[in-house]
Amino acid sequence: MDLLSTSGKPGLLVDTSAGLSLGALPGLEDFKSAVRPILSLVDGVVCSPGQLRSFENRTTRDAALLVRMDWTNTLRGAEFPLPPVKAFHLNLLNASDALALGASGMVATFLLGYEEEIEAGCQKAAVQLALTGKEFGLPLLVEVRTTGARISLPGKAVELGASYALECGADGIVIPYPGQASLKTIASMLSVPWFIKPTSAGTVFAEWEQAGGLGAAGFWLDHAWLVPGMPLDQVAARLHADQDRTG
Amino acid sequence: MDNGLSIRMQHLFNRHGDGRAVCVAADHGYMSDVTPNVVNLRSVTEAVIRGGVDAILLSPGQAIRLAPLLRGLDGPALIVRADWMNLPRLGSSNVTNAVPQRRLIHQKVMTAEQALSLGATAITIYLFIGYDDQVEAAGIDSCARFASECRKFGLPCIMEPLAVGGHVTGANIVDLLTLGARMCAELGADAIKIPYTGDVETFARLVSVTQLPVLVLGGARSENERDALELLEEGLQAGGHGCLMGRNVTKSPDPEALVRRLCQVAHENYSVNDAMRGRKWDKVRLRVVTSQCTGCQLCVTACVAAHETRLFGNHMARLAVVPQRLGENKVYYCTLCKKCIEVCPTGALRWDRGTGAVSLDLEVCTACDKCVEICPTHVVMKSDRPIQVADRELSWYPVICDLCGVAPACARICPTGAITVDQRKMVK
Chain P
0 MDLLSTSGKP GLLVDTSAGL SLGALPGLED FKSAVRPILS LVDGVVCSPG
50 QLRSFENRTT RDAALLVRMD WTNTLRGAEF PLPPVKAFHL NLLNASDALA
100 LGASGMVATF LLGYEEEIEA GCQKAAVQLA LTGKEFGLPL LVEVRTTGAR
150 ISLPGKAVEL GASYALECGA DGIVIPYPGQ ASLKTIASML SVPWFIKPTS
200 AGTVFAEWEQ AGGLGAAGFW LDHAWLVPGM PLDQVAARLH ADQDRTG
Chain F
0 MDNGLSIRMQ HLFNRHGDGR AVCVAADHGY MSDVTPNVVN LRSVTEAVIR
50 GGVDAILLSP GQAIRLAPLL RGLDGPALIV RADWMNLPRL GSSNVTNAVP
100 QRRLIHQKVM TAEQALSLGA TAITIYLFIG YDDQVEAAGI DSCARFASEC
150 RKFGLPCIME PLAVGGHVTG ANIVDLLTLG ARMCAELGAD AIKIPYTGDV
200 ETFARLVSVT QLPVLVLGGA RSENERDALE LLEEGLQAGG HGCLMGRNVT
250 KSPDPEALVR RLCQVAHENY SVNDAMRGRK WDKVRLRVVT SQCTGCQLCV
300 TACVAAHETR LFGNHMARLA VVPQRLGENK VYYCTLCKKC IEVCPTGALR
350 WDRGTGAVSL DLEVCTACDK CVEICPTHVV MKSDRPIQVA DRELSWYPVI
400 CDLCGVAPAC ARICPTGAIT VDQRKMVK
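First to last, the protein sequences are chains P and F.
Mapping to numbering that gives the first Met the number 0: the first sequence position 2 is 1, numbers consecutive.
Mapping to numbering that gives the first Met the number 0: the second sequence position 123 is 122, numbers consecutive.
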């Protein structure tokens, strides 16, 4: 899978799978028509299992489709109509399911800062997906989410999540921007491609300057970037310009 | 023992034909916060392989990536960590914890079959005792399942009993470790990895109750490399089969050199001193601690008795114990100062290449008296009877300490440890 290769070309992944937990998202109400235009713009789209079933007639120029393997209610905030009382994380698919759906890769969430059982569950699921994914040649991307209330050192927590993901056998790792110091530690630690989730649209290019300079494999953007007016095309243009330089 | 299990146990414990193994645990990044030793595990792995390590313990993810480094006929064995726990991050006292944990979680994360598919020679799993009943019961369940799975695939199962939690005290930790080791044996472990109990006697008992190969683990890193070597040496003395050291090696400034030294202690019977020096000194010298001498004269008698030279009487001993004031005693002994050798005009006195002591060649000795005169400790004696050498007779000959080969009788018999044997390098 090229987007997880270490060829040095930065890639752009967009995560549209949050509907699993948040329902119809702004800009993604009509999922097919919303995603179709960006298939040629980005390198990979992370879909829910249901979304993945709706893709037909894709071409080799289209973005790779990755499937979200798990569900969590931790994406929901206090203002959500069904605010979470207790954090949950469930595995939805196994590697053979992902293969049957035609996914090019699997995406698992690694939650930190919640109850011990949540973290332990993420750990076990990641190891199992990495091992079973190997059998099918399916790469595993682990998305580190340090959103729990117990996080005491945010940058260090991202380091921990990245380290754990690596030890679990991830083929690629997605981390939130952790600050410059932790970014350097993570860059020196990871021997697999790693992607950065920018803090906001306002900081995206500055953070790419740092992350790209340290060897990041690309950007991971969430569903909010599909809302009209967000500079998704500018980010894509910037990364593709970098691709051309390194290519 | 079935064929697969036998082959893998041999790979693990018998690469040098001595039933021992020096293993390195590099799975800390899987369970603890990010520390420098887990940042670049590839270079650490390469270094310990160069050092001659017998096996490396890795997390599943690191096993996937680093297993190719272990390939080859002489490659070390791969041990896969098949479970996960959060113990290193427990407690609020550790302010460096990025995500502090409140309760111990311990879980199985993979199957024995999956470990086998990664190329594992063995797996290792924890058994926690002393934390609470639920954790212990879950650990028992996990160990029993792994033992059963491993047996099916001929994969050695190394169990690691750890005594942690509120029920563990300084007074009962040795008993709990011994209990844990025995429970692992009863559960079907093929080998045990366990912390050192602190002394040879209690560790020997622990080893004996398991009836299994026991690997001593290193624990937190010591600043002094010697500590790791002494831990291994004492573990071996107690009947252990080697070590499975983690942070002492992975955080060492030179993991390759430390592993090489551990291998020298385990496989080449080096003493810790020899291993620290990097070469074996098989020559000895006497060491005396005067304050421990009671003046019993047993050493003197043993010296005379040890030499069948028809010279009897304590005055013919090659050392002397002389009472001093206030009940103290001074021991005069050969310090290997080589003054006698230097002064000998005929070359009759020389170093014995085998023992490292001074030897006398009576064929060329002229009984000139110079060696007796120059000896600063007055332990080169004149024999009290003549000796026939070929066609001539010497009216006396020098009686010189020969260190009884390399096992001095005086040191062996000394009841207080005032005279001991120390190693030394060969004097040129």
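No wet-lab data here; the hints were simulated from the structure.
Do not rely on the hints blindly, as some may be mistaken.
Unchecked claim - To give a feel for the contact side, a few chain P residues facing chain F, derived at Cβ under 10 Å:
hint, residue
1, Pro25
2, Glu28
3, Leu51
4, Glu55
5, Thr59
6, Arg60
7, Asp61
8, Ala161
9, Ser187
Virtual Cβ for every residue (Gly too), placed ideally from N, Cα, C.
Broken hints, by number: 1, 2, 3, 4, 5, 6 and 7
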